[in-house]
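Peer 1: If you're matching them up, the sequences are chains S, P and L in order. The working numbering numbers the first residue of the first sequence as 1 and each following residue consecutively. The working numbering numbers the first residue of the second sequence as 1 and each following residue consecutively. The working numbering numbers the first residue of the third sequence as 1 and each following residue consecutively.
There may be inaccurate statements among the hints.
Said to hold, decoys possible - According to the in silico footprint, chain P covers these stretches of chain L (three or more CB under 8 Å from chain P):
#1 68 to 74
#2 124 to 135
As the list claims (entries may be wrong) - Taking lysine-lysine and the DSS-like style, the derived pairs with C-alpha atoms no more than 30 Å apart in a straight line are:
#3 P:LYS248 x L:LYS248
#4 L:LYS248 x L:LYS178
#5 P:LYS248 x P:LYS178
#6 L:LYS248 x S:LYS248
#7 S:LYS178 x S:LYS248
#8 S:LYS248 x P:LYS248
Unchecked claim - Far from chain P by the CB rule (all over 10 Å, computed), these chain L residues:
#9 LYS22
#10 ARG58
#11 ILE162
#12 ALA193
#13 ASP201
#14 ASP221
For the record, the hints were derived by calculation from the structure and aren't laboratory data. The beta-carbon is built from N, C-alpha and C at its ideal position, and this holds for glycine as well.
For reference, the chains in residue letters:
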Amino acid sequence: MNRLITLTTDFGLSDGFVGMMKGVILNINPDATIVDITHDIAPQNIEEGAFLFANASRFFPAHAIHVVVVDPGVGTARRPIALQTGETFFVAPDNGVLSRTLRADHASSAIRAVHLNRAEYWLAHISNTFHGRDIFAPVAAHLSRGVSLDALGDPIDDWARIEIALPTRDANGALIGKVIHIDRFGNAITNIAAEMLAGLDRAEIEIAGRVMRGIRATYADGAPGEPIALISSSGHLEIARREANAAKSLQIEIGNQIRVSP
Amino acid sequence: MNRLITLTTDFGLSDGFVGMMKGVILNINPDATIVDITHDIAPQNIEEGAFLFANASRFFPAHAIHVVVVDPGVGTARRPIALQTGETFFVAPDNGVLSRTLRADHASSAIRAVHLNRAEYWLAHISNTFHGRDIFAPVAAHLSRGVSLDALGDPIDDWARIEIALPTRDANGALIGKVIHIDRFGNAITNIAAEMLAGLDRAEIEIAGRVMRGIRATYADGAPGEPIALISSSGHLEIARREANAAKSLQIEIGNQIRVSP
Amino acid sequence: MNRLITLTTDFGLSDGFVGMMKGVILNINPDATIVDITHDIAPQNIEEGAFLFANASRFFPAHAIHVVVVDPGVGTARRPIALQTGETFFVAPDNGVLSRTLRADHASSAIRAVHLNRAEYWLAHISNTFHGRDIFAPVAAHLSRGVSLDALGDPIDDWARIEIALPTRDANGALIGKVIHIDRFGNAITNIAAEMLAGLDRAEIEIAGRVMRGIRATYADGAPGEPIALISSSGHLEIARREANAAKSLQIEIGNQIRVSP
Numbered sequence: 001m002n003r004l005i006t007l008t009t010d011f012g013l014s015d016g017f018v019g020m021m022k023g024v025i026l027n028i029n030p031d032a033t034i035v036d037i038t039h040d041i042a043p044q045n046i047e048e049g050a051f052l053f054a055n056a057s058r059f060f061p062a063h064a065i066h067v068v069v070v071d072p073g074v075g076t077a078r079r080p081i082a083l084q085t086g087e088t089f090f091v092a093p094d095n096g097v098l099s100r101t102l103r104a105d106h107a108s109s110a111i112r113a114v115h116l117n118r119a120e121y122w123l124a125h126i127s128n129t130f131h132g133r134d135i136f137a138p139v140a141a142h143l144s145r146g147v148s149l150d151a152l153g154d155p156i157d158d159w160a161r162i163e164i165a166l167p168t169r170d171a172n173g174a175l176i177g178k179v180i181h182i183d184r185f186g187n188a189i190t191n192i193a194a195e196m197l198a199g200l201d202r203a204e205i206e207i208a209g210r211v212m213r214g215i216r217a218t219y220a221d222g223a224p225g226e227p228i229a230l231i232s233s234s235g236h237l238e239i240a241r242r243e244a245n246a247a248k249s250l251q252i253e254i255g256n257q258i259r260v261s262p
Numbered sequence: 001m002n003r004l005i006t007l008t009t010d011f012g013l014s015d016g017f018v019g020m021m022k023g024v025i026l027n028i029n030p031d032a033t034i035v036d037i038t039h040d041i042a043p044q045n046i047e048e049g050a051f052l053f054a055n056a057s058r059f060f061p062a063h064a065i066h067v068v069v070v071d072p073g074v075g076t077a078r079r080p081i082a083l084q085t086g087e088t089f090f091v092a093p094d095n096g097v098l099s100r101t102l103r104a105d106h107a108s109s110a111i112r113a114v115h116l117n118r119a120e121y122w123l124a125h126i127s128n129t130f131h132g133r134d135i136f137a138p139v140a141a142h143l144s145r146g147v148s149l150d151a152l153g154d155p156i157d158d159w160a161r162i163e164i165a166l167p168t169r170d171a172n173g174a175l176i177g178k179v180i181h182i183d184r185f186g187n188a189i190t191n192i193a194a195e196m197l198a199g200l201d202r203a204e205i206e207i208a209g210r211v212m213r214g215i216r217a218t219y220a221d222g223a224p225g226e227p228i229a230l231i232s233s234s235g236h237l238e239i240a241r242r243e244a245n246a247a248k249s250l251q252i253e254i255g256n257q258i259r260v261s262p
Numbered sequence: 001m002n003r004l005i006t007l008t009t010d011f012g013l014s015d016g017f018v019g020m021m022k023g024v025i026l027n028i029n030p031d032a033t034i035v036d037i038t039h040d041i042a043p044q045n046i047e048e049g050a051f052l053f054a055n056a057s058r059f060f061p062a063h064a065i066h067v068v069v070v071d072p073g074v075g076t077a078r079r080p081i082a083l084q085t086g087e088t089f090f091v092a093p094d095n096g097v098l099s100r101t102l103r104a105d106h107a108s109s110a111i112r113a114v115h116l117n118r119a120e121y122w123l124a125h126i127s128n129t130f131h132g133r134d135i136f137a138p139v140a141a142h143l144s145r146g147v148s149l150d151a152l153g154d155p156i157d158d159w160a161r162i163e164i165a166l167p168t169r170d171a172n173g174a175l176i177g178k179v180i181h182i183d184r185f186g187n188a189i190t191n192i193a194a195e196m197l198a199g200l201d202r203a204e205i206e207i208a209g210r211v212m213r214g215i216r217a218t219y220a221d222g223a224p225g226e227p228i229a230l231i232s233s234s235g236h237l238e239i240a241r242r243e244a245n246a247a248k249s250l251q252i253e254i255g256n257q258i259r260v261s262p
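Take these sequences, add in the hints, and give me the full structure.
Peer 2: Quick look at the structure:
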């Protein structure tokens with residue numbers, strides 16, 4: 001069995017933290033294939049981690065083992081957990097960072113979860129500040145070698161979900177959403193899913209004091225420098241500028257409100 | 001068959017874009033070996049992408065499949081293409097990003113090219129903004145499993161080349177070039193290839209209002225802080241400062257002119 | 001034999017340097033497993049490289065081949081070297097970047113070293129500025145295929161060590177150390193190892209004009225925003241702030257003194 005292990009963290013690539021996790025995994029399973037999703041989640045930002053991981057994880061094989069570590073509560077009573085749904089495993093701190101993925105993809109009843117409390121599947125020495133290396137990485141490596149979920153800890157069903165902020169509608173029928181991520185290109189991605197925009201191709205879109213008209217098909221549909229709205233590759237309404245950084249030039253920030261009026 | 005797939009993009013590592021491409025590839029070919037060349041090309045900078053990719057690709061095995069995505073025209077009529085020369089494959093948008101590599105390495109007549117227009121080798125759903133994930137990654141994965149170039153689309157011979165700016169000579173016999181890349185250390189790499197510098201070891205070199213004399217062998221040939229010219233590891237004339245950031249301290253930018261007078 | 005090769009450098013990920021090293025390795029050994037430890041060591045900072053590598057390398061399998069390139073003297077008379085201790089190999093410039101690792105882990109007498117001077121194990125063309133690609137990567141690849149240390153060069157025993165600054169004690173019995181690394185989260189890691197802190201759980205800790213009392217167990221033991229001292233995951237005394245960047249907000253820099261008074 002050669003299961004794929006993915007890593008999503010807020011550890012960055014500068015300090016060797018991610019390298020250590022890979023060392024730990026390869027010590028336990030020298031044949032593991034390890035893929036980085038991202039390590040640049042804003043430090044301790046569970047909501048951003050939940051969004052970026054949900055976006056990316058759906059493109060991986062069903063038999064993947066996903067390790068997701070955004071962990072402000074490391075060293076406290078927050079539980080380390082592992083979840084299984086179908087052939088897919090998730091290993092994470094119990095703080096809701098998996099909420100978006102598991103909401104979108106699976107009926108809750110099909111999810112089995114355990115509290116990781118069998119220290120024989122961890123490193124021998126456990127620090128209080130780096131469970132990614134000491135608990136989550138070795139647990140994922142053992143799963144990749146065929147250890148079963150049940151062996152790793154006691155079953156639980158009260159693992160944490162976080163509230164995913166959904167768009168609302170105001171009295172005039174306008175859709176009110178917010179910016180949830182800004183990507184490397186400066187595109188501002190909102191929490192308004194494409195499905196909610198049926199019949200709104202010609203809508204008036206308002207954000208950060210700007211008004212745009214209509215939803216375009218692609219970046220090049222804007223004149224150079226023109227702010228435009230389109231559907232991002234994540235399937236959400238996005239504000240962009242052709243060959244420019246929309247967020248920087250329009251002063252859009254995470255959390256900003258967006259209004260889509262019919 | 002276990003072909004190597006390389007990835008060169010302007011996607012950065014923060015948003016999970018590259019992770020998604022790897023997920024797509026491993027879904028199609030679980031045994032693929034994937035290597036990152038760089039993902040930090042300046043957004044939409046085809047010329048920089050062409051330079052960095054040409055530099056790096058010559059160190060990879062001949063049987064590699066190179067995916068190069070700097071794609072300002074994503075979602076427009078610009079074609080997705082694949083090229084083959086000998087055992088090597090290239091998968092990219094048709095915008096000239098491969099020009100330097102194919103100019104340097106191969107006679108054009110030996111290159112076969114196709115317009116990627118067989119959707120059965122793509123993801124089922126194609127976004128308008130992320131063909132790296134939806135078209136280029138799956139096509140590379142299919143190539144790595146032995147699918148032939150011909151199966152992927154119709155043959156073309158008018159794929160895009162971009163003009164590579166070559167140095168010129170002025171009336172006094174001086175070589176006039178320009179800065180095409182600044183690396184992490186602040187070294188400014190120019191478009192003047194080492195071959196053009198025969199007999200110019202003692203030349204006068206002028207850039208950003210500074211004059212230097214001669215071409216040194218290595219960084220340590222400069223006094224600490226002294227600006228020096230030498231041959232970079234890419235085989236081009238480079239301006240550096242020993243244990244310092246030359247571009248920042250001398251205010252050198254991409255596009256700056258450099259003059260080498262005998 | 002499929003030995004693991006790790007890479008630790010100050011090359012960054014932007015310029016394709018690390019990609020080239022991987023291309024060189026895979027050209028020689030297509031089955032090599034390559035893991036990045038970090039490529040973000042501050043340019044030419046041997047001391048930081050030594051610290052980050054020593055931290056990470058102990059989590060890798062004993063049969064790993066570690067390539068560590070922080071190389072301000074590239075192209076000069078400084079020797080390229082390879083070392084072996086037990087099953088583990090190290091490949092690096094001879095400038096002390098391995099000092100922390102080999103001091104901590106091994107009795108010197110058990111280390112065998114060679115001066116890499118057999119060009120048949122290098123690339124055909126050697127630049128003066130990038131031995132990571134031209135010498136260290138191919139040597140590691142040959143080691144991973146089973147070439148012996150002895151084949152790579154002449155034995156030496158005078159390879160460079162750098163002085164590792166150890167904490168001292170002042171007349172009042174206080175421990176005086178210094179900050180040696182600041183991580184992505186802004187935690188300031190010092191050179192005071194946990195073993196030196198026995199009986200000092202309630203010590204007074206002074207740094208950058210601040211005084212803290214006692215050593216906490218984990219980040220969450222601080223009130224939000226409170227500066228605290230705790231043991232880092234590297235096993236050293238660390239200054240942090242709960243869910244905040246301690247180094248930035250307290251203006252702590254590498255080299256700052258820390259005093260621990262009983």
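Peer 1: Going through the earlier hints one by one, which of them does the structure break, listed in rising order?
Peer 2: 9
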